[in-house]
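Asks: Taken in order, these protein sequences are the chains called A, B and C. 50 is the number that this note's numbering gives to position 50 of the first sequence; each next residue is one higher, with no gaps. 40 is the number that this note's numbering gives to position 40 of the second sequence; each next residue is one higher, with no gaps. 37 is the number that this note's numbering gives to position 37 of the third sequence; each next residue is one higher, with no gaps.
Be careful, since some hints might not be right.
Simulated pairs of lysine to aspartate or glutamate, EDC-like, Cα-Cα distance not exceeding 20 Å [what the hints assert, rightly or not]:
1) A:K77 x A:E46
2) A:K77 x A:E90
3) B:K80 x A:D57
4) A:K8 x A:E90
5) A:K8 x A:D89
6) B:K26 x C:D62
7) A:K77 x A:E63
8) A:K126 x B:D79
9) A:K126 x A:D57
Think of the hints as simulated: they come from the structure by calculation, not from any bench.
Now for the letters of each chain:
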Amino acid sequence: MEDSAFSKEFLAFLRTAIPSVSAAELLLLLFRQPVRWWTLDDLLREIPAGASISQSDAGNCLETLRSCGLIESDTEKRLRYRAASAALDEQVRTLARAYEERPVTLIRMIYALRDSRIQSFADAFKFRKR
Amino acid sequence: MIEFLSGAVTLAYLIAAVFFLRFWRKTSDRLFLAFTIAFVLFATNQGLAHVLDIYSEPASFIYALRVIGFVLILAAIIDKNFFAGRRQPDKR
Amino acid sequence: MQTFNFILYLMAVLTCLACTVLLGRSYMHTGVRLLLWGTLCFVGLSISNVLLFFDLIVFPTDVDLRLWRLSTALGGLMFLLHGFIWEDRP
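With the sequences and hints as input, model every part of the structure.
Replies: The structure is reproduced here in structure tokens:
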């Protein structure tokens, strides 16, 4: 996957929808099984141990994803992947590819794009990462 | 030389504290408030230790300032890991 | 009283070390420059506090490490301030 795959559109997508690596993990979990309806507990259970995230943080991430038009929810608060447009779907595929082929670059990109490097300073003091 | 260094360190702590204060205002993260106060305490400790010509800290009450500073930092770290609930959403 | 001092100064060292480790670990993980400066700052402060510990608790009368204590603290803080001042630059 070449550097050009990290296009301006993809970076913009990351900046708006993916504030953290855990958010990326959550989205990719949903993306990989698009037919399944997930509960929050399902997601928290299946997220990789390294990217563990608190329930409230996960709620915030998912809310961001929903407002970006990436996931939908039903009446019982279960969630499912649904991209609002083909362009968005393409960005998520790029994300999945980047996650497989260039994970280190992807992680650095996500953190570099966060508005607040300052917040990273404070976040450094969390024992459990991301 | 000691005077120079002592003054420089005092000022450096103070300037860092001002930055931490700014970061706290920007992010509302309590950790920065703790660091602000802690660094002000370190600055005061350093300044007073020199001005009052106190060589051996433990013999004086001044070291309480440092202690409180470090306790604050520890408390902030513990607070962040065990008590902080929602994080503020990123301002975009 | 002596033990009390010992514990308090030890706490200072351990807190600085904890900050160093947490910031350093986060820097290695995310590559955010600001964290590098933070790590270096606390390396300096850790060394300074270790020296302070030795100066006042272990060898109270034999040595005067003030020059080294202040230099290392100042060095560390310079890194931090550099990072803070240029924090806007990516």
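Asks: Among all the numbered hints in the text so far, which are the ones the structure does not match?
Replies: 2 and 6
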